[in-house]
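Visitor: Below, each chain spelled out in residue letters.
There are 2 protein chains.
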Amino acid sequence: MSDFHRAASGGLSPGELEAVLRQVGAERYHNRHPYHHRMTGGDLSKGELQAWALNRYCYQAVIPRKDAAILTHAEDPAFRAEWRKRIEDHDGEDGWSGGIARWLHLATSLGVDADAVKSQRLALPATRFAVGAYLAFCFERSLLEAVASSLTELFSPVIINERVPAMLAKYDYVTADTLAYFTRRPEQAARDSDFALAYVRKHADTPERQQQVIDALVFKCDILWAMLDALQHAYGEGGGNIPPGAFRPEA
Amino acid sequence: MSDFHRAASGGLSPGELEAVLRQVGAERYHNRHPYHHRMTGGDLSKGELQAWALNRYCYQAVIPRKDAAILTHAEDPAFRAEWRKRIEDHDGEDGWSGGIARWLHLATSLGVDADAVKSQRLALPATRFAVGAYLAFCFERSLLEAVASSLTELFSPVIINERVPAMLAKYDYVTADTLAYFTRRPEQAARDSDFALAYVRKHADTPERQQQVIDALVFKCDILWAMLDALQHAYGEGGGNIPPGAFRPEA
Chain A
1 MSDFHRAASG
11 GLSPGELEAV
21 LRQVGAERYH
31 NRHPYHHRMT
41 GGDLSKGELQ
51 AWALNRYCYQ
61 AVIPRKDAAI
71 LTHAEDPAFR
81 AEWRKRIEDH
91 DGEDGWSGGI
101 ARWLHLATSL
111 GVDADAVKSQ
121 RLALPATRFA
131 VGAYLAFCFE
141 RSLLEAVASS
151 LTELFSPVII
161 NERVPAMLAK
171 YDYVTADTLA
181 YFTRRPEQAA
191 RDSDFALAYV
201 RKHADTPERQ
211 QQVIDALVFK
221 CDILWAMLDA
231 LQHAYGEGGG
241 NIPPGAFRPE
251 A
Chain B
1 MSDFHRAASG
11 GLSPGELEAV
21 LRQVGAERYH
31 NRHPYHHRMT
41 GGDLSKGELQ
51 AWALNRYCYQ
61 AVIPRKDAAI
71 LTHAEDPAFR
81 AEWRKRIEDH
91 DGEDGWSGGI
101 ARWLHLATSL
111 GVDADAVKSQ
121 RLALPATRFA
131 VGAYLAFCFE
141 RSLLEAVASS
151 LTELFSPVII
161 NERVPAMLAK
171 YDYVTADTLA
181 YFTRRPEQAA
191 RDSDFALAYV
201 RKHADTPERQ
211 QQVIDALVFK
221 CDILWAMLDA
231 LQHAYGEGGG
241 NIPPGAFRPE
251 A
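In order, the protein sequences belong to chains A and B.
Here the UniProt record's numbering is used: position 20 in the first sequence is 20, and no number is missing along the way.
Here the UniProt record's numbering is used: position 34 in the second sequence is 34, and no number is missing along the way.
A few of these clues could be false.
Copies of the same chain look alike in the list, so a pair counts if it works inside one copy or between any two.
Straight-line distance between alpha carbons at most 20 Å, and here's what the computed SDA-like set of lysine to any residue pairs gives [said to hold, decoys possible]:
(1) Lys118 to Leu71
(2) Lys85 to Gly15
(3) Lys170 to Asn31
(4) Lys46 to Ala116
Derived by calculation from the structure, the hints in this document are not laboratory data.
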C-alpha cells in the first residue's frame with residue numbers, strides 16, 4: 001500500500017502525476033472491495049443486491065448537484081459547456097430520462113419500490129453521510145480538487161466490465177434491461193474522464209496542487225469504498241447489522 | 001421499532017414531545033450497539049479499543065466547532081452565554097486543558113501515538129463522513145434543529161455508567177486515569193441537556209417543528225450508531241475489513 005500523503009513532495013511531470021493517480025485507482029478503487037467480489041461471484045442475496053441499488057441511488061441522485069457545485073466555481077465558459085454535459089447525462093431531457101431514471105429502473109427491476117428508492121429514507125445513514133461529504137467537497141474545495149475527485153471515472157470501465165457480464169451470468173432475475181444504465185456509461189465516462197484528466201494534468205502545476213489532486217482522488221475512492229463497507233456490514237452475513245430504520249429485505 | 005417519521009403529525013404537548021424524544025433514545029441510542037456491548041463485556045481487543053479512541057477523537061474534536069455553528073444562529077445573548085460553556089468545557093482555558101485534551105489522554109493511555117490521533121489521518125473515512133455530516137447539520141439547519149440534535153446528551157449518563165465500571169473491571173490496562181474524561185462529563189451533560197430540553201420543549205410549538213426536532217434527534221443517533229458500525233466492520237473479527245490507509249493496530 002502506497003503512502004499517497006507525500007507523493008508529490010518533489011514535483012512531478014504531468015505523466016508522472018497521471019501515473020500516481022492511476023496507482024491510487026489500482027490500490028483504492030472499489031473494484032477491490034469484497035462486496036464487489038461477492039457481487040461478481042454471484043454470492044449476493046437478492047436482498048443484498050436490492051440494498052446495493054437502493055443505497056447507490058443516493059449517490060446517483062447527487063451527481064448533477066455536485067456537478068452544479070463545480071460549475072459554480074468555473075469561470076471559463078468553455079469549461080462549463082463541457083462540464084454541463086454531465087448534468088444532462090444524469091437528468092436527461094426532462095429530469096427523468098437520464099442516468100438517474102435508469103438507475104431507478106435498475107432498482108425497481110430488482111423489486112424495490114420506486115417511492116422507497118426516490119425518498120432515500122431507507123438508505124443507510126453511512127451512505128447519506130458519504131454522499132453528503134462528496135457534495136460538500138465539490139462546494140468547498142477548489143475547482144481543481146473537485147475536478148480531480150471525478151477521476152474515479154478513469155477506472156469505471158474496469159468495474160462495469162467486471163460487473164455487467166457477471167451479473168447477467170450469475171443472477172437469473174437480472175436481465176440486460178435491468179442493467180440498461182451501464183450501456184450508456186462507458187462512452188460518457190471516457191469522454192468525461194479524458195477531459196478531466198487533461199484539465200488536471202495542465203493545472204496541477206505545483207507540488208502543492210499535485211498533492212491536492214492526489215488527495216482528492218484518494219478522498220473519492222474513500223467515498224465509494226465506505227459505501228460498500230456500509231452495505232457489507234449491514235447486509236452481509238444475513239443482515240444482522242442493519243441499523244435502526246434502514247431498508248430490510250423481505251425474508 | 002417506532003416510525004418516528006410521523007410522530008408529531010397531530011401536535012404534541014411539551015410532555016408528550018419529551019416522551020417521544022426519550023423513546024427515540026431508548027430505541028436508537030448507541031448504548032444498544034453491539035460494539036458497545038462488546039466493550040462492556042470485556043470482549044474488545046486492545047487494538048479495537050485503540051481504534052475506538054482514535055476514531056471517537058474526530059467527534060470530540062468537532063464539538064466546539066459545531067457549538068460555534070450553533071452560536072452563529074443564536075440571536076439571544078442569554079442563550080449564547082449558556083451555550084458557550086460547551087466550548088469552554090471542551091477546549092479548556094488554553095485549548096488543551098478541556099475535554100478534547102482529556103480524550104487525547106484517553107487515547108494515548110491506550111498506547112496510540114498522540115500525533116496520529118490529533119492528525120485524524122488514520123481515522124476511518126466513514127467516521128470523518130459522519131462527523132462532517134454532524135457539523136454541516138449544525139451550520140445548515142435551524143437553531144431549533146441544531147439544539148435538538150444535542151439531546152443525545154440526555155442519554156449519555158446511561159452509557160457512561162455502563163462503560164466506565166465495565167472498562168475498569170474488564171481491561172487490566174485501563175485505569176481511572178485513562179478514563180478521566182468521563183468523570184467531568186455527567187455533570188456537564190446534565191446541565192447542558194436540561195437547558196437544551198427546556199429550549200426544545202418551549203420552541204417546538206407546532207407539529208412541523210416538533211417533527212423537525214424528532215428528526216434531528218434520530219439523525220444524531222444515526223451519527224453515533226454509524227460510527228460504531230464503521231468500527232465494528234473494520235476492526236471486528238480480527239480487522240480483516242480495515243479500509244485502505246486507516247489505522248492498523250500492531251499485531
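Visitor: Against each hint, give a clear statement of whether it holds in the structure.
Guide: Hints and how they fare:
Taking the closest pair of Cα atoms, lysine 118 and leucine 71 never come within 20 Å of each other, the shortest separation being 25 Å inside a single copy and 34 Å across copies. Within a single copy, lysine 85 and glycine 15 get their C-alpha atoms no closer than 27 Å, and across copies no closer than 53 Å, so neither meets the 20 Å cut-off. For the homomeric pair lysine 170 and asparagine 31, the shortest alpha-carbon distance inside one copy (17 Å) is at most 20 Å, but the shortest distance between copies (40 Å) is not. Taking the closest pair of Cα atoms, lysine 46 and alanine 116 come within 20 Å of each other only inside a single copy of the chain (17 Å); across copies the shortest separation is 41 Å, beyond that limit.
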